[in-house]
Amino acid sequence: MKNRINTALEQDKDLLSIYFTAGYPSLNDTVQIIQDLEKNGVDMIEIGLPFSDPLADGPTIQDSSTIALKNGMTTKLLFEQLKDIRQSVSIPLIIMGYFNPMMQYGIEAFCAKCQEIGIDGLIIPDLPVNEYHEHYQETFEKYGLINVFLITPQTSDERIRFIDSVSNGFIYMVSSASTTGAKSTFGNVQQEYFDRIKSLNLKNPQIVGFGISNNETFMQATKTTKGAIIGSAFIKQLTQNGVDGIESFVKGIR
Amino acid sequence: MNYQADEKGYYGDFGGAYIPEMLYPNVEELRTKYLEIMNEPSFVEEFNQLLKDYVGRPSPLYYAKRLSEKHNTKVYLKREDLNHTGAHKVNNTIGQILVAKKLGKNRIIAETGAGQHGVATATVCALMGIECIVYMGEIDIKRQAPNVARMKMLGAKVIPATSGSKTLKDATNEAIRDWINNPVDTHYIIGSAIGPHPYPDMVTRFQSIISEEIKWQLKEKEGKEDPDYVIACIGGGSNAAGTYYHFLDNPDVGIIAVEAAGKGVNSGESAATSQLGKEGVIHGCKTLLMQTDDGQITEPYSISAGLDYPGVGPLHSHLYRTGRGEFFSVTDDDAMIAGLELCKLEGIIPAIESSHALAIFNQKKFNPDDIVVISLSGRGDKDLNTYIDHFKL
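Protein chains in written order, with the working numbering: chain E, 2 to 255; chain P, 296 to 688.
In case anyone wonders, no lab produced these hints; they're calculated from the structure.
A few of these clues could be false.
[To be verified] In the BS3-like style, the derived pairs of lysine-lysine whose C-alpha atoms are separated by at most 25 Å in a straight line are:
| hint | chain 1 | residue 1 | chain 2 | residue 2 |
| --- | --- | --- | --- | --- |
| 1 | P | Lys573 | E | Lys114 |
| 2 | E | Lys71 | P | Lys573 |
| 3 | P | Lys461 | E | Lys71 |
| 4 | P | Lys360 | P | Lys514 |
| 5 | E | Lys237 | P | Lys461 |
| 6 | E | Lys14 | E | Lys40 |
| 7 | E | Lys77 | P | Lys573 |
Pulled out of the complex, with its shape left as it was, chain P reads as follows (with noise of 0.2 Å):
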């Protein structure tokens, strides 16, 4: 089985560039030289400094000893939540300012839900003295202000998308339409491993990063370099998609996804795409998506603003159907004690997304030795009022 897109930017049956024609000479000029630009030296040197001196990494594999006596297994934290910016968004934007600039691109433009994505885009902006414009749902920049704060000062222009259900699709569609009506200066900086190709596979590719240093770093420690599991949420999926890179080809790596249920998968307030999704287009890729029979797109819901899009990456859709993905779905309330169960054993607050992973201890046993790797994506603070809510702190 292979898990790469092809030159189409097929996962199995889900990807391609279903996108407007308007949209057809930025896409194309973005796949024809993607690759090429990405494996330039001068690239691959710029790229991984600003990693190491500005993101922060390698960001640390930490053994997490109480929460492994606790669940009886080897539990792997990889720490995202550490790089600058709190989270593994910014790997991603790293990259992706890199080839806006050798593509000639003076202004960006990117969607963001809770903002995680938007200050990712905005901070690498400052970094290169690019113009910066950030679409976001209007109900989310009342929801995610401090996000929003953190996006002015670093000189980004936040305009809020009104239209359907003013959330991240809707700020995306609008990300889009701006992309349709500045066709030659800008480039969109997509947050997730979803959108046309080559969208999913560079971003997988950014983030892939983190399954690299996975790699040696549980060589350093366990002296062999996969573990028995790699466990991420997904969303749209790119911090997933960049734990699982370098490990879908071996299959003694168990992959496990966990996905949002919300209130409930059959609650109808939910983001668990893989279980109540069909396959669809949304955003210029064939996935799994949540929609009506008639063909509409539905929206999603989690506690956890990061996860609710009602579609998933190509890749994702692609592990599922062939089951070289384990998917696992998480309420909010399990995900919330999760999440306080991390706190108060290992002393690290995690982001509200992080927390899904972390619950999968609810739904799966582990045996004592296997060693097990999750991705621990984001850290809490921006969701400390969301805690502060759910447990009456």
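With the rest of the complex left out, here is chain E (with noise of 0.2 Å):
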């Protein structure tokens, strides 16, 4: 079978994509929220594991991964919270989470629970493309999985080649140098690095991440792109209004 990711990526159109944290606002919002966002309209969403020590994240996903922790979320749990989740959602569902709770899990146990779900990708902020290339790729790819990088305004062009060599679904473009939720607007700095990742012409598509958080956000960031992520400005409604603002916050970015 097709992965969903490759198929969402070929509509003609500019993928909302949404991520979450799993546990958050309450230990079993999981399906639901997955199932209003799929609802509304949203193409992708990344389902994000709670980790003790995110070290690539602002405080909002900080925030939640610590109350999703409380909560008492864990791996085995989502994986059960997640277990007929194809019978109702048919939009790609990826797994954002750290490396060393997957470590536990057993990497390949992990892979093979994440095909039986039907999970098509993987983002993984502390395992590096090199790690990855030389001893989980094989592992990643016998379950049909999509593993996605990031790279940065500072990442060269020639290791961006190299990213996207090893990709088979998108490259996560993180927008500036940051970490989650940090930046508000764009502006020249951003156009620049947007215009750069286009004119390089990489065989995988583009989708930005980090500092999409309305509609001006996301349709300066789709003009060069195929899609944007948007996930703590999410949260910060989950916050707010809980699982109810879903379809108002959807509706207000495109």
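Given two chains presented individually in distinct reference frames, assemble the corresponding complex, making use of the accompanying hints.
As structure tokens, this is what we get:
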């Protein structure tokens, strides 16, 4: 079967992808959040596997992770919650999390479970492309998983080309040198970066993340790319309005 | 067996650089340049000059006569406590500030637990006139007020880490996040032999002055360079790495590591990482670390703020797994008693971290003619309140 991420990327539109932390605001919100996001037209979802020490994340996602863990979220429980998800949801689902909890579950067991449930890909910020390429790529691919890598404005063209060669879905363009949720607008630096990446003519489409929070930043980010990911801004709205606010939030983006 | 980091920063199964892509340019710049910089004659000259004139090296290798008599063996103390700022930490911060200058960085960040590394970093930043920001857990700021005051007097900005457990591991997370947000002008001075490659190797090399001096000092005193044992306490493991470094390849020198058992290895309040830890990834390196079955990093405990880190440097995980190092763990109570014993027998008040190493005599017997070198990694001034509380002085 073709990976749902690749199918989604072939659509003739800019993709809206949403990140949320599993187990937040309440332990058992996971399935409803996913279903509501799809129902309201979101094209792809990153399900955050919470970690005690999320060092690439800003305060919003840190806090949601801390609360999710306090609520009792674990890798095993997340898999349990998601076991029937493919009966109701058809958009691509990606698990985004740090490497240590996956290591403890067992990398091969983790990948096998993802395939069984119908997870399409993984984003692991602290698993560098070189380590992945040497030690884990074979396992991920055996279970049909697409691993997504990050690039930043500081990433060299040479390294971006290497990442492009190892990738088989999309490239996650971090909009600025920052942790998640740090910036709220895009300036000339971002525009130059977006233009530079476009000019590289990469084989993988790019989706922008970090700093996308509203219609304006979504439109700006997708001018030269295939889509955008919203994380912290969505978590903030969950904090304020709970799952009831999902519809108005998503409709406000595009 | 090889005990040096390989090109990718691995000591056997441990090490590497598990970093988010945002940190790659900084870490890669350091990785490709650190050895070249450290080997430049001008760097070597400036480093050695500062260690001599500013830090006060060489630190004495002191034959502890009364302690030796008590334990019926020959005990030498490597007096890192006599360094400027009161601990071994400054050996590394002097080295790294010079590296930062060579890299053209004008802003320094650091993490600190007890405050010793923070003070050592603030000190070298003052020396060089470079901006200094130290991240420290909110709880540690309350516990270690004198060191917070020292850092401020030295011109550093101390930023509380309010996330997670609000201690050393969270201060380290905050420093890493700062580096992600300031990728061009900033150098991160990590204080222990931890973090992504090349940090464990770089810190170990700067601290290796300890064992380099032990060799020639012992030659003068005993007519031979190699002791029978070298002993050090281990939190992240920087003083231990420096104490062992030049002896690692000689199997006749016993390597002894002493971890903090806290209230007992199985009490739930401990920092004995080699006993309680499993292989995992923390702060950019694969190593033994204390964690739940689900892979969440747990908060360690020790009476000594310098030893309560949930991981251990990758070199030490390798020494443990290969059996090259013999690992012991010492409880709060035993460490405190050993610290007080040194006060009474030798007139030296040790840091509680170092007191853990001194408590080895409860657990291992040495022969009368064994030469045993213990790293006295720091002085106990910062710990007076803890000693006072513990012994109701």
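Okay, the hints, checked on the actual structure:
In summary, the hint linking P:Lys573 to E:Lys114 is supported, as the alpha carbons are separated by about 22 Å, within the 25 Å threshold. A distance of roughly 22 Å separates the Cα atoms of E:Lys71 and P:Lys573; the hinted pair therefore holds under the 25 Å criterion. Distance restraint check for P:Lys461 and E:Lys71: the Cα-Cα separation of roughly 16 Å lies within the 25 Å cut-off, and the hinted pair is therefore satisfied. Between P:Lys360 and P:Lys514 the CA atoms are separated by roughly 18 Å; this keeps the pair inside 25 Å, and the hint holds.
A distance of roughly 23 Å separates the Cα atoms of E:Lys237 and P:Lys461; the hinted pair therefore holds under the 25 Å criterion. Distance check on the hinted pair: E:Lys14 and E:Lys40 sit about 17 Å apart at the alpha-carbon level, within 25 Å; holds. Among the hinted pairs, E:Lys77 with P:Lys573 is consistent with the structure: their alpha-carbon atoms are about 19 Å apart, no more than 25 Å.
Violated hints for the displayed structure: none, as all numbered hints are satisfied.
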